[in-house]
Amino acid sequence: MTSRALRIATGVGSWLVTVAITLVGLAALTFFIGRVIPIDPALKIVGDKATHEAYQKVFLELGLDQPLYVQFWRYIAGILRGDFGISFQTTRPVLQDLLTFFPATLELSTIGLVLGVVLGVPMGVASAYWHEKWPDHLIRVVSLVGYSVPVFWLSLVGLFVFYYKLGWVAGPGQLDVFYNGVVTRVTGFILVDSLLGGQTDVFWNAVGHMTLPAILLGYYSLAYIARMTRSVMLDELSREYILAARLKGASELRVVANHALRNAAIPLVTIIALSYGGLLEGSVLVETIFSWPGIGNYIYQSLFAADMNAVLGGTLLVGAVYVLINTLSDVLYRTLDPRSRGQRT
Amino acid sequence: MSVVSDPIEDPRRALRAARLGEFRVFVRRFLRNPLGVVGFAIVVLLVLVAIFAPLLATHDPYLPSLGKRLSAPSAEFWFGADELGRDIYSRLVYGSRLTLFIVGLVIVTSAPIGLIIGAVSGTVGGWTDRIFMRITDVFLAVPKLLLALAFVAALGPGIVNAALAITLTAWPPYARLARAEAMVVRNSDYVAAARLAGASPFRIIVFHVIPMCLSSVIVRVTFDMAGIILTAAGLGFIGLGAQPPLPEWGAMISTGRRFIFDQWWVPTIPGIAIFVVSLGFNLLGDAVRDLLDPHLRQRR
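Respectively, the protein sequence lines represent chains A and B.
Residue numbering for the first sequence is 1 to 345, as defined by my numbering.
Residue numbering for the second sequence is 346 to 645, as defined by my numbering.
Treat the hints with care, since some could be wrong.
Claimed, not checked - Facing chain A, a subset of chain B residues (Cβ under 10 angstroms, in silico):
(1) Asp482
(2) Val483
(3) Leu490
(4) Gly595
(5) Gly616
Bear in mind the hints are in silico, worked out from the structure with no lab data behind them.
Quick reminder that beta carbons are idealized off the backbone N, C-alpha and C, glycines included.
Kindly produce the complete structure, drawing on both the sequences and the hints.
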């Protein structure tokens, strides 16, 4: 028993080390991009018409006279304290901005992911089951279009058709203008907050605004999920245990759902996690079209204000969430797959 | 020297005949996949359009004619005119060059970087391997578009910088792939023979390991091209890729997006071009993978 406990402990330990190294690497990347590439950050702040004294003052304040590793250490220490610097654009700490904008992104991409999973997994299964028959061809085309189409362009066209021409959905933004500021912020998720406040009219208004971007993101993740599910299921359905189950007289539904899909579920966890990460990223482009008050739009606006603190803070946050989702899927994978139990991690 | 030589007596000739035969089988199997052929046709068409752009264009892609700004598609402007009265069709035709330029630049930079890092890592092993793979993992763990975005934001917008930024995010999968191949090759007899014959590690990596990793990396490259096109278009759309007046497709959507409600063709048509080209590369990539993937081959 103690050896088992020890093994789990070292497993968790080495896993934590891996996550930590990846996160430090991520920070090193943003540090490199932010501090090393623009040759002189101090000059960027004071401008090229500043006096030499002003320049020197900023230069010393930024700690640019220190060796690089000291600068990097200060950067990491700052991040650990939650100090991402000040956004020049909003004149607030970047962390505060990120916390304001992140829930909107998380809400949108989570709904997109749910749509993608609920539709994508059955589509992938059907595609594999009727391999090389018409359902397979149809589903393959649908998902092929999904991962070939530029998502920002599809958003524009969707807005044109479903908002402007047909009027089925509400336009850009999270709410109609006159609803702005009426919801008390509790969680930051507009759907949850409006229900908590009992404002059902706001809730339905938000649903109308969310429908189109959520469906677009859902389609984007559906394309990937259906395609990967198909290939995983094809692999499982060609195994011998499937033949054995059929020979024993198991119904087709049972063969597909109980035997093949349960085995496919393990790689599917990784696939779904990956597509969640992809959605967080894809939302950057979609948010700019729908004027969605999320992190993607924040990064986009900051890019044009040349506000590197905000850009890098946003990148770091999304990157960290991405890493955490990936690791979480790794853990799930290990718990779900009996073969990896009791093995060296 | 006889004109007709016996293939058995001339091994080089026999080898060539065998390769030709293999190629014929490959082509025949490729032709059996209609979607793959469509993809191939789209890609060939793209290359031809890029080569013959001056012949195909009906207008100067840069010459504004403000009197005709935002004209609807017509006999004069096949796909309409943009906000400066430039012919959208001609701009699309010239834009194909930019698309190919970005894809080409990303591939010739990212594939060799990944190949070298992976081959060295897999062959040498030990701490080199561990450090290289940690770095690769970090790059794999970061969201690609965001990293490219931050990178271009720091470097300054531009078509070359955008390509470099995509390279920065595109090499890790190649490194992983090359490493996996290299670890197999490393233990093979002919590498041991080369080592015994006194070949330096450098020579082994360059002449014996890298050639073996090439084919899988090339397959993966065909597979990635659509993604590169979409990322490049995304950067162009955000305004960090090719700068005006260059007719880059993503940038064309970006400048045209404010006309979506009244002159829908301005942003819509470049998007169709991106979609068709990326679809073509995806179809081609799928077909190539189906042909070369040994798992799939067995199932047929």
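Right, here's what the structure says about each hint:
| no. | hint | verdict |
| --- | --- | --- |
| 1 | Asp482 | holds, 6 angstroms |
| 2 | Val483 | holds, 3 angstroms |
| 3 | Leu490 | holds, 5 angstroms |
| 4 | Gly595 | holds, 7 angstroms |
| 5 | Gly616 | holds, 3 angstroms |
Of the numbered hints given earlier, the model fails none.
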